[in-house]
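Asker: Next come the chains, spelled out residue by residue.
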Amino acid sequence: MIIKYFSWIKEHVGKSEEQIELPDHINNVNELINYLNEIDKKYSLIFEKKQLIKIAVNKTYSSFDTNISNNDEIAFFPPVTGG
Amino acid sequence: MSKNSPLIKIKIQNEDFDVSDEIKILHQNNTGAIVNFIGVVRGYDEKNNQIINSMTLEHYPGMTESEIEKIVFESFQRWELTGVTVIHRIGNLKPSDQIVFVGVSSKHRQNAFDGCNFIMDWLKTKAPFWKVEENNNKKNWVNFNENDNKALKKWQ
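Going down the list, the sequences are from chains A and B. My numbering puts the first residue of the first sequence at 1, with every later residue one more than the last. My numbering puts the first residue of the second sequence at 1, with every later residue one more than the last.
These are computed hints drawn from the structure, not numbers from a lab. Hints are not guaranteed to be accurate.
Said to hold, decoys possible - Here are the simulated DSBU-like cross-link-like pairs (lysine-lysine), alpha carbons at most 35 Å apart as the crow flies:
| # | chain 1 | residue 1 | chain 2 | residue 2 |
| --- | --- | --- | --- | --- |
| 1 | A | 49 | B | 70 |
| 2 | A | 10 | B | 138 |
| 3 | B | 107 | A | 50 |
| 4 | B | 139 | A | 42 |
| 5 | B | 107 | B | 47 |
| 6 | B | 24 | A | 15 |
| 7 | B | 150 | B | 11 |
| 8 | A | 50 | A | 15 |
| 9 | B | 11 | B | 70 |
| 10 | B | 107 | A | 49 |
| 11 | B | 9 | B | 150 |
| 12 | B | 11 | A | 59 |
| 13 | B | 107 | A | 15 |
| 14 | B | 24 | A | 50 |
| 15 | B | 150 | B | 107 |
| 16 | A | 10 | B | 24 |
| 17 | B | 24 | A | 59 |
| 18 | B | 107 | B | 11 |
| 19 | B | 94 | A | 59 |
| 20 | B | 126 | B | 154 |
| 21 | B | 126 | B | 107 |
| 22 | B | 150 | A | 10 |
| 23 | B | 47 | A | 54 |
| 24 | B | 154 | A | 42 |
| 25 | B | 107 | A | 10 |
| 26 | B | 138 | A | 50 |
| 27 | B | 154 | B | 24 |
| 28 | B | 150 | B | 139 |
| 29 | A | 42 | B | 24 |
| 30 | B | 107 | B | 139 |
Using the sequences and the hints, build the whole thing.
Answerer: Right under this line is the structure:
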């Protein structure tokens, strides 16, 4: 699975992208976040205010309960500020 | 493309754009009105009371284009339009540089006004771009403006 980060989230994680092998017991975005929080404290700083985080699964806006698999591309980013 | 098929142009680019060139492209045979919006880099941050030296725009390649496409297709569903152009710049920009161009053509003016307004409102809240302002080596990620969400209500 590819995980992408943008804006200030990218800076907190320290990278714009990473590849992980998704454990079998993880089925949705929420479970992925819990898993990342367990791996490293830096993620919990990002996800502590989940209402500030937008999610895309395979480049489509998604939610915390969206189902995911190891072939997916997940992105975490703050609300957009273009235009 | 046949004479009557709508013109759609969506570009994400580092380079500047020429507004008069873009308007010429939107000027089709059956066009009676062209409305355009140009977003420009402000040189001053009123909220934090400080000068902005430059701004860098990043985006999510692939998703940005598809989100803008969805908004543009929706605008064609809602109004009778003959053409839409959306150009959004990325990379480092200086105060007074152009950021975004939205041009909409139609047979009659009201559709072009509404279509342009609609596309800009949705682009502000859905297209995955992020601005970071730079001032004397300090970086400040621009916060989402809640007024942009309120602006969407008029289209519901």
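Asker: All the hints need checking, so say for each whether the structure fits it.
Answerer: Status of the hints after comparison with the structure:
{"no.": "1", "hint": "A/49 <-> B/70", "verdict": "holds, 29 Å"}
{"no.": "2", "hint": "A/10 <-> B/138", "verdict": "holds, 17 Å"}
{"no.": "3", "hint": "B/107 <-> A/50", "verdict": "violated, 45 Å"}
{"no.": "4", "hint": "B/139 <-> A/42", "verdict": "holds, 20 Å"}
{"no.": "5", "hint": "B/107 <-> B/47", "verdict": "violated, 40 Å"}
{"no.": "6", "hint": "B/24 <-> A/15", "verdict": "violated, 42 Å"}
{"no.": "7", "hint": "B/150 <-> B/11", "verdict": "holds, 27 Å"}
{"no.": "8", "hint": "A/50 <-> A/15", "verdict": "holds, 20 Å"}
{"no.": "9", "hint": "B/11 <-> B/70", "verdict": "holds, 14 Å"}
{"no.": "10", "hint": "B/107 <-> A/49", "verdict": "violated, 47 Å"}
{"no.": "11", "hint": "B/9 <-> B/150", "verdict": "holds, 27 Å"}
{"no.": "12", "hint": "B/11 <-> A/59", "verdict": "holds, 17 Å"}
{"no.": "13", "hint": "B/107 <-> A/15", "verdict": "violated, 48 Å"}
{"no.": "14", "hint": "B/24 <-> A/50", "verdict": "violated, 45 Å"}
{"no.": "15", "hint": "B/150 <-> B/107", "verdict": "holds, 29 Å"}
{"no.": "16", "hint": "A/10 <-> B/24", "verdict": "violated, 40 Å"}
{"no.": "17", "hint": "B/24 <-> A/59", "verdict": "holds, 33 Å"}
{"no.": "18", "hint": "B/107 <-> B/11", "verdict": "holds, 24 Å"}
{"no.": "19", "hint": "B/94 <-> A/59", "verdict": "holds, 29 Å"}
{"no.": "20", "hint": "B/126 <-> B/154", "verdict": "holds, 16 Å"}
{"no.": "21", "hint": "B/126 <-> B/107", "verdict": "holds, 28 Å"}
{"no.": "22", "hint": "B/150 <-> A/10", "verdict": "holds, 28 Å"}
{"no.": "23", "hint": "B/47 <-> A/54", "verdict": "holds, 24 Å"}
{"no.": "24", "hint": "B/154 <-> A/42", "verdict": "violated, 40 Å"}
{"no.": "25", "hint": "B/107 <-> A/10", "verdict": "violated, 45 Å"}
{"no.": "26", "hint": "B/138 <-> A/50", "verdict": "holds, 26 Å"}
{"no.": "27", "hint": "B/154 <-> B/24", "verdict": "holds, 30 Å"}
{"no.": "28", "hint": "B/150 <-> B/139", "verdict": "holds, 27 Å"}
{"no.": "29", "hint": "A/42 <-> B/24", "verdict": "violated, 50 Å"}
{"no.": "30", "hint": "B/107 <-> B/139", "verdict": "violated, 45 Å"}
Violated hints, in rising order: 3, 5, 6, 10, 13, 14, 16, 24, 25, 29, 30; the structure is consistent with all others.
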